[in-house]
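**Q** Here the protein sequences come in this chain order: A and B.
Every number in the working numbering is 101 more than the matching position in the first sequence, counting from 1.
Every number in the working numbering is 237 more than the matching position in the second sequence, counting from 1.
Read the hints as simulated data drawn from the structure, not as lab findings.
We put the beta carbon where it would ideally sit given N, CA and C, even for glycine.
No incorrect hints appear here.
Derived CB-CB ranges, DEER-like: (1) A/Asn190 / B/Asn283: 40 to 46 Å; (2) A/Asn153 / B/Pro483: 47 to 53 Å; (3) A/Met222 / B/Gly485: 34 to 40 Å; (4) B/Ile473 / A/Arg189: 24 to 30 Å.
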Amino acid sequence: MQFLDFEKPLEDLNNQLEKIKAIAEKNHVDMSASVKELEASLEQTRKHIYENLTPWQRVQLSRHPERPYTNYYISRVCNKFTELFGDRNVADDKAIVGGFAEIDGEPVMIIGHQKGTNTKMRQLRNFGMANPEGYRKALRLMKLAEKFDRPIVTLIDTPGAYPGLEAEERGQGEAIARNLFEMVNLRVPVICIIIGEGASGGALGIGIGDRVVMLENTWYTVISPENCSTILWRSWDFKVQAAEQLHLTSRDMSGFGLVDGVLPEPVGGAHSQPEAMAASLKEYVLKTLTELKKINPDKRIEQRIEKFSKMGFYEEV
Amino acid sequence: MSSTWFRRIKKGISTETKEKKEAPDGLWHKCPECRTTVTQTALKENLYLCPNCNYHNRINAIEYFDILFDKGEYKELFDNIAPKDELHFVDVKPYAARLKSAQKQTGLLDAMTVGVGEVEGKKLVVACMNFNFIGGSMGSVVGEKIARGIDHCIKHKLPFMIISKSGGARMMESAFSLMQMAKTSAKLTQLAHAKLPYISLMTDPTTGGVTASFAMLGDINIAEPKALIGFAGPRIIKETIKKDLPPGFQRSEFLVEKGFLDFVINRKDLKRKLSDVMDWFGK
Ligand SMILES: [Zn+2]
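Modelling step: build the complete structure from the supplied sequences, incorporating the hints.
**A** Right, here's the structure in full:
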C-alpha cells in the first residue's frame with residue numbers, strides 16, 4: 102500500500118495497527134479490542150480525508166502508481182478480448198491499446214490509453230502519451246466498429262499527447278483533429294470514461310462520445326496544473342492553485358455540463374478496491390449501452406453534435 | 238446581426254490617415270527578420286510584407302478583410318458576442334482584468350472576427366483570429382463565432398474560411414476552452430454534410446488546440462510562408478527531446494513536405510488564389 106502525502110494520518114494509523122498485530126502474534130496476547138478500535142479509527146479517518154479532497158489531491162489520486170489502467174479494466178470487465186495493433190501506416194503505438202471485446206456477451210470495441218506498471222513498461226507505453234499513430238490506430242478501430250455495428254468504449258488516461266519531434270513530423274495536430282471530426286459522426290454508440298488523467302487534446306482525441314463520464318478522482322481539462330502554473334504564474338510552484346483555478350475535478354466538470362456524469366470511486370480511491378471499481382464501471386457501461394441502443398443513429402449523432410455545440414460561456418452585448 | 242458595413246473605414250483608414258498627417262513617413266517599421274526599415278505607409282501598401290525579404294508581418298482581422306474583400310467592403314457578423322469570466326479565474330492577474338485590458342488595447346471584444354463579403358465578386362464568410370487579443374487564444378467566444386459562422390454559411394449556402402493565428406487554448410477558460418475543439422469540429426461536420434467548402438489558412442503562429450481542431454480540418458489546408466504551425470510548441474519539444482530542433486522545423490514549407498498542407502501562399506497572391514479555388518469549388 103502506497104500512501105500519498107495527504108494520507109499521512111492513515112499511514113500512521115496503519116503502522117500502529119501493524120505493530121499491535123505483530124505484538125499480539127509474538128506474545129500470544131489478545132489485543133483484538135485495540136485492533137478493532139484502531140481499525141475503526143482508520144476507517145473514520147479515511148472517510149474524513151476522502152470526503153474533503155482538494156482538487157490537487159484528486160490530481161494526485163488520478164496519478165497514483167497503483168491506480169488501475171485500461172488493461173486492468175479490460176481484464177476485469179470483458180469476458181473476451183482480442184487486442185488489435187497498428188495504424189496501417191507507420192507503427193503500432195503502445196500508449197493506446199484497443200481491440201475486440203465482449204462484455205457479458207455484448208461485443209464492443211474497447212480503446213484506451215495505457216500507462217506502464219513498472220519502469221520498463223512505463224517507457225514502452227511512453228507514460229500514456231500517444232503519438233499520431235496511436236490516434237490513427239484508435240480511429241481505424243472505431244471505423245471498424247462502425248462498419249460492423251459494434252458500440253465503442255474508450256478509456257481515457259493520459260498526461261497529454263506526446264510533444265516529440267517525430268510526433269510533429271507525422272502530424273500530431275492533424276491526427277487529433279481528424280479523430281474529433283470523425284468521432285462526431287460515428288453511427289454506433291460511443292461511451293468515453295476518464296479513468297485517470299484527462300489532459301487536453303491528448304484526452305479529447307478519443308473523447309467524443311454520446312456519454313462522457315469521469316471516475317470520481319480524475320481530472321479533465323485543457324492543461325496539467327503544473328504546466329498551467331509554469332505558463333501563467335511563470336513558476337513551477339503554483340500547481341495547487343492552478344488545480345483550483347482550473348476547476349478540473351469530476352464534480353466541477355459535471356456541474357458545468359462538460360461531462361455527462363461522475364462514477365463514484367470506493368473510499369480510498371479506485372486503487373484501494375480496483376475490483377469494486379471495475380464492477381461499477383462494467384455496470385455503467387452495460388446500462389448505458391442499453392439506453393443508447395434505443396436511440397436511432399441519426400438522432401444519436403444529432404444529440405452528440407448538439408451537446409458539444411452548446412459548450413461555452415459568453416454573453417451577447 | 239448588427240450592420241457594420243464599412244466598419245473598416247471608420248476604424249481603419251480614418252485613424253491611419255490622421256497618423257499619416259501627424260507624422261508623414263514618420264513611423265518606421267524594422268523587419269524582425271532582415272532589419273530592413275520601411276515606413277508604415279509603405280509597409281501597409283505592401284500588405285505588411287517586408288519589401289526586402291518577404292517576411293510576413295503579423296496582421297489581424299481588419300487588415301486581412303481589407304486585403305481579401307473587394308474594395309475592402311464587408312459586413313461584420315456576430316460582433317455582439319463577448320467573453321465572460323464564468324470561472325472567476327485568477328492567476329497573477331484576474332482573467333476579468335486581462336479581458337478588460339485586452340479589449341481596451343485592441344478595441345475588440347475577443348480574439349475572433351467574422352466578416353462576410355465578396356472575393357472577386359463571390360461571396361465568402363471569413364472567420365479571422367486576432368493575435369493581438371491575448372495571443373489569439375481560443376476561448377468560448379472563438380468557438381461560438383466559428384459555430385455561428387458555419388450556421389450562417391449553411392443557411393445562405395456560402396463557403397467558409399478560417400484564418401488561424403493563435404497560441405492555442407485560453408487556459409483561463411479551462412475545460413471550456415478545450416471543448417471548443419470538440420465544438421468547432423462538430424460544427425465543421427455539418428458544413429461538410431452541406432457540401433460547402435471550408436478553406437483553412439494558417440498564419441504565424443498556429444499552435445496547440447487550434448492546430449488539433451479546425452485549422453487542420455480544411456477541405457484545403459494552406460498557409461502563409463514560414464508560419465510556425467504545430468501541436469506542441471518548439472520550446473516544449475526541445476525540452477522533451479533535449480536536442481536542438483532542425484532549421485525550418487514546424488514551418489509552413491516543412492509541413493508541405495510532410496504532407497499536411499496543400500500549398501504555401503504568399504499574402505500578395507492570396508486573394509487571386511482564393512478566387513481560383515472558390516471557382517473550382519463552384520460555390
Ligand atoms: Zn525583411
